[in-house]
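**Student:** Here is how the chains run, residue by residue.
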Amino acid sequence: MKKIRKISEKRARKAGQPPGVLKYLEEEPQEEIKISYIDYDKDSYQEEEITEISELKKLKESETVSWLNIIGLSDVEKIEKLCNLFNIHPLVQEDIIHVHQRPKMEEHKDSLYIVLKMLNYNESEEDIEVEQVSIVVGDNYVITFQERAGDVFDPIRKRLKNEKGRIRTMQADYLAYTLIDVIVDNYFIILEKIGDKIEIIEEELVNQPSDDTLQKIYKYKNEMIFLRKSVWPLREVINGLEKSDTKFINSSVKLYLRDVYDHTIQVIETVETIRDMLGGMLDIYLSSISNKMNEVMKVLTIIATIFIPLTFIAGIYGMNFEYIPELTWQNGYFVVLIVMAVIAAYMVYYFKKKRWL
Amino acid sequence: MKKIRKISEKRARKAGQPPGVLKYLEEEPQEEIKISYIDYDKDSYQEEEITEISELKKLKESETVSWLNIIGLSDVEKIEKLCNLFNIHPLVQEDIIHVHQRPKMEEHKDSLYIVLKMLNYNESEEDIEVEQVSIVVGDNYVITFQERAGDVFDPIRKRLKNEKGRIRTMQADYLAYTLIDVIVDNYFIILEKIGDKIEIIEEELVNQPSDDTLQKIYKYKNEMIFLRKSVWPLREVINGLEKSDTKFINSSVKLYLRDVYDHTIQVIETVETIRDMLGGMLDIYLSSISNKMNEVMKVLTIIATIFIPLTFIAGIYGMNFEYIPELTWQNGYFVVLIVMAVIAAYMVYYFKKKRWL
Amino acid sequence: MKKIRKISEKRARKAGQPPGVLKYLEEEPQEEIKISYIDYDKDSYQEEEITEISELKKLKESETVSWLNIIGLSDVEKIEKLCNLFNIHPLVQEDIIHVHQRPKMEEHKDSLYIVLKMLNYNESEEDIEVEQVSIVVGDNYVITFQERAGDVFDPIRKRLKNEKGRIRTMQADYLAYTLIDVIVDNYFIILEKIGDKIEIIEEELVNQPSDDTLQKIYKYKNEMIFLRKSVWPLREVINGLEKSDTKFINSSVKLYLRDVYDHTIQVIETVETIRDMLGGMLDIYLSSISNKMNEVMKVLTIIATIFIPLTFIAGIYGMNFEYIPELTWQNGYFVVLIVMAVIAAYMVYYFKKKRWL
Amino acid sequence: MKKIRKISEKRARKAGQPPGVLKYLEEEPQEEIKISYIDYDKDSYQEEEITEISELKKLKESETVSWLNIIGLSDVEKIEKLCNLFNIHPLVQEDIIHVHQRPKMEEHKDSLYIVLKMLNYNESEEDIEVEQVSIVVGDNYVITFQERAGDVFDPIRKRLKNEKGRIRTMQADYLAYTLIDVIVDNYFIILEKIGDKIEIIEEELVNQPSDDTLQKIYKYKNEMIFLRKSVWPLREVINGLEKSDTKFINSSVKLYLRDVYDHTIQVIETVETIRDMLGGMLDIYLSSISNKMNEVMKVLTIIATIFIPLTFIAGIYGMNFEYIPELTWQNGYFVVLIVMAVIAAYMVYYFKKKRWL
Amino acid sequence: MKKIRKISEKRARKAGQPPGVLKYLEEEPQEEIKISYIDYDKDSYQEEEITEISELKKLKESETVSWLNIIGLSDVEKIEKLCNLFNIHPLVQEDIIHVHQRPKMEEHKDSLYIVLKMLNYNESEEDIEVEQVSIVVGDNYVITFQERAGDVFDPIRKRLKNEKGRIRTMQADYLAYTLIDVIVDNYFIILEKIGDKIEIIEEELVNQPSDDTLQKIYKYKNEMIFLRKSVWPLREVINGLEKSDTKFINSSVKLYLRDVYDHTIQVIETVETIRDMLGGMLDIYLSSISNKMNEVMKVLTIIATIFIPLTFIAGIYGMNFEYIPELTWQNGYFVVLIVMAVIAAYMVYYFKKKRWL
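Chains as they are written, first to last, in the working numbering: chain S, -14 to 342; chain A, -14 to 342; chain F, -14 to 342; chain B, -14 to 342; chain Y, -14 to 342.
Keep in mind that the hints were calculated from the coordinates and are not lab data.
Since copy identity is lost for identical chains, a pair holds within one copy or between any two.
Heads up, simulated DSS-like pairs for lysine-lysine below, C-alpha to C-alpha not over 25 Å straight-line:
1. LYS94 to LYS43
2. LYS8 to LYS143
3. LYS8 to LYS239
4. LYS239 to LYS228
5. LYS338 to LYS283
6. LYS42 to LYS146
7. LYS146 to LYS19
8. LYS277 to LYS337
9. LYS(-5) to LYS182
10. LYS178 to LYS204
11. LYS146 to LYS8
12. LYS19 to LYS8
13. LYS283 to LYS337
Could you build the full structure based on these sequences and the hints that come with them?
**Tutor:** As structure tokens, this is what we get:
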């Protein structure tokens, strides 16, 4: 519920505000803003961290491809300055800062704006964390905005630095594709981890289902509801990129986007399949709990049922009638004991035959 | 059910009436009609409350943007007069008065007609109240009709009054957008409040689920069914506004409408997600109630099961046979007590081993 | 089930028959045919009941708008004669007579054919009755065919007679719209009545759910399944009328049809919502029944559980051992009684603490 | 399951075979092939059974309309010869022989190929039997292929023979329409019979639901799953015929096909409605079974609960304490009996008040 | 779950890698690569196994149709060399090697790329195994890539070798069709086997449902979820092939593809139907388990209920009151025994009458 509430809460706080006014809405300890860039073409490669927005002017004008990475969104002024430098529309600026957007893609005059969700599996809390990544693709630059340090882009940074391969020879659109691709691939890592957890639950379910198992099944069901919300719009976004005739994406890169699209479909299918399976596991849990209960009740009831007639017989001979012939028999007591044993044995036999035991 | 019935009831009362005939159908105490306007352009700002419809003529003819706000719909004659002044189609007049319309948007010759639902969360009754807001957008005026005083438009009034910003420089279509935006944003406030309530239910569910919890889950499930009905058509309305080529909305405002559209999607998704989660909570409730019951039954049955064989043994030695050797033993009584204790201990051990206890 | 079977039954009876051959298939007492007409224009108004089909010729040729109303479909010959007079296609004639058509709309050369379902709530049997209304719209006439006397058209007849308003100045297409409108509005009356019934069930559900409540919920669920079948195609019909470019409907009337369309959507939504709510009520019923049962079982089991150990103790001192020291104590009996009372008290306390009581 | 398996089984047997190779796959006793034809126009009528394929040449060349009816599909050679005479495509020949096709419609150069399912309700086994009917429509001939003798076409044969009406004056396409119409109408006969059975089950459900009732509900649910599979594609087929611009169907016949289409929709709706109702009946069954069980358990538990405290009291006075004052009272025994009676009476009263009895 | 996890796992391992870089990701013992070809036209036929990629050059240039079959995908270098020889796009090469693709079809400049799933039913593990088959269709060649030896293509190889029929006279597209056809037909074999298993489960369900039955039902439900994922995209693939205007498929072959499409639909329908039936079987299982439990509980409870009043009576006469008149009666004991027998008999009679026994 918490994740769901967050969205409404943030929006609610903004109700009645004019659009395009920037205000950071998260209450978490604000991360210091950190701006770094990588500038490259086939032959050159340059990596730097900057503090002054004005230093970026040269990047915008240069012919080489530049990748600007901004980490931390709380310093609204700096971000506004940066965005204005690159002519980013005020509504887009607002979407960058307000990090509960739905994944979407919008074309503007000077750039393409893409919002994605980067997932991270928090091992200690067994929880999926979401971070909004905004990607602005211009003619010869890509700007990425992240909420927190720590991302999935490191392999790309390495490839840019070391490799003489395709990525250095391609334009900004290819870089953007690579960033999207790595974010989508990262979903599989999350799904793999969830898959591990679910396999453990499956075993628990067979061996000894407990109330805890139920809680876990529900937890992952909710995680799947949540994942769906991130993943389904992703499909539209990437399909939109592939199908659109924007000038910011060359047709040669579209083939690669189609590949990402295929992966997105696989992510969606996997999420849906896991949902189906969790539904099935829930049914198994419920029926195994009820089976276990039934088993207990049955055995206990049977014990009671065997002793009730015996106790009745004992009650008969506990009556104080003056004349009960059996009581005076020499072996009356033992005869009764034997009769009781026979009755008990027969009942056990009968219940076994009926498969109730 | 009540909210659902209202719609049928109102319509039913109108069956067989000619269209376009105005008749106020609500039985609630009728609010006195109150007509006020705000007239502004970049430089001027004027706010007034009026009583005579004829005073509005000048507004219609002026170049400045005018926002007419009508509160209270029971004085049908005045409303008809006002509508006729602005050439509003009789069918639209009917829709304004009969407040159980589905959200919709219609283009007419002289104006654009938009029906929306404004929600209000009644804290004391823990209930969502709905109010129909009709927005008529003309060339240089916006007319809003509300059922009751008290609305979500105050921030806009303030922005109009104080701010020298964008809103004062834009046309009537931008004002209409702002009104729609604030209504949609208000949905998030409602959702946030419902989110709070549901979180409380979630805790109740874990700690001590009661019959009351069930009632609440159903209540919010019904609220969600109801919210869905208000929200889904909203999507079409706003999409319709964005996509239509009406002359009453400039393309510069459409970008803003797209922003509202994104929010609408988020509202819908949140409503759907809450529905899914409530479904899950219902399952948890049912299975936890049944678990609790099982636990009770099990413990009680086990107690009975332990004592039944012991009572049987006591019954044996309560028999009045003349010859029962054990009865004459010196320590017979204590031996039997010990045997009973051993049996009881073994059964407890066995049940514990079997995890039935 | 009965309503469903009727359709198959009627069709089955006709299997292998050539199309366009008229045969009345209903087994109910056949209503005498009754043909009446209202002929009007802005200035004149004439109302008459006729017996000879040939009298209708003049109507067809006159310039004024004529509304022919035929009640009772068993006199197949007369209907055929009438239909031929107005050039109605044999397949349409068949559809008029065979009253289990799906709502639909067909354009033919000389007229537009519309089939609708008129509902009637039979208060005594608490059942929805259906009657097929066929509407044939020609250049300057509207013909309506009904199965039985008694309809929802009276308000229209009155408006035609008294009012000097819009209806008398408009053409046949407007009359057709009014007829459709009043039929659709009538659905709200039905829904209102069902809403009343369901509110009663809701109260029953809270106060004292019985087997009867279940039966009623299922009954209304089936009614809703049935209503859906009548209402969904209605939507297509009216949308079809609004969108089609038939010459029998002027564009000025289409605006009114759009209004009817909005109402149809509201009917559909209400039906769907009632279905959802009935589903929820079913769940509440089942869980409240099971709760009630659980409560009974729990209390009873607890009583048994308290007395079982006590009976065991009594059994102990009922044993006939020669040497049971307690038996010879002066106050043994009272001590045992007190011990028993303490045990019972503790168990009650324990069960209360555990919230089992 | 059996019906479902048949399709896979047949296909499986054919895996890896080249297409268009004819091989009869059914294991049932093979019906002798029987070829008959009816040749007619407005004035003439001729009906004959033939044995030599070559006799058919003259039919193909004649101007009159010919209806060839082939019964029995095991004599593959003869069918191949016949098909080749009429230039039927090898793939179509294969579909004619392999009788587990989905209903479909294909246009080929020389003819139109339609596959339908003819249903038959086997009263003794209470089972729906399916037979594939292939209809080949050429310029002036219609060829129908059936698996077994016995069909629903007899009324058409009679109409062709006796009637001077429309059918004799129309072309081959009208004949094809009549054949399709009678097959679809036959579905209503099946649905009527199933409706009868379900009404019986409904009564059983109210009066005395048994395990058998459950089996029947599931049986008919499966029948409905099965029927759906036959009926849904039918819709596409007939819609396809109506919408296609094939030269084998004149526009005058399309109006009739639209009529059949309406019937198909009604069949589908009826099947879906029956499914929904069977689902509801299942719920009623389950809840009535559980209600009955609850009732039994409740009454029995109450009996036990009443006697347990009484037995406890008897146990008290069965104790052998030397000093139990009550035992020496003159009327002690009767007092105890009265006390017991009072307790029992109160408990019965209490249970009744609580509505547990 | 395992099958689902595999996909995520493989993708996860690749996250951040540049596209088009070949790396074999499966951990299973790697199959030695085996390259063989069949080269044929109407008159000639040649079959050979090769080791050097360069030998294939002549195939590419020859006019005859060549079918290259590659088994084993671990020798990435060889496959890359081969692919480059036939100008296969790097992204396609990647898809060939990474065997967890969704079935799809892509047109490239020099060839058509089709990915399908070949299923195999592992009898010993009662499990469906999946193998990815990649089919590359060029002008006069077809290349198939498989993971493991053993396939369903043997009948085609035989037909190519022996038959002088159609297959040898047709082009590469027809060969591709035949391969697809045999893969799809093979699905029916799988479905037939699953059908057999399910029929066994159905019998188990009627005769003696056990926990094992439940496990099996769930197992096959999961298999169906899994099969769906393979089969649904197949539909798009084949429809895509039929509808596309690729130069690699002649219109004469499209008719055959339509035939395969029909089969695909049947596979899908069968899978869906089996799912529905498994759902129904699950319901039957649950209700039969609960019925069985109820039966046990009922009988046992009844036994207890009969003896409880009897034991009470015995308790009465076990009381030690000094004055209990009945105790001194001559036949008191026997009278009590008879009374008890009468009570027991009446209760049995009553329970039988109430149908509780």
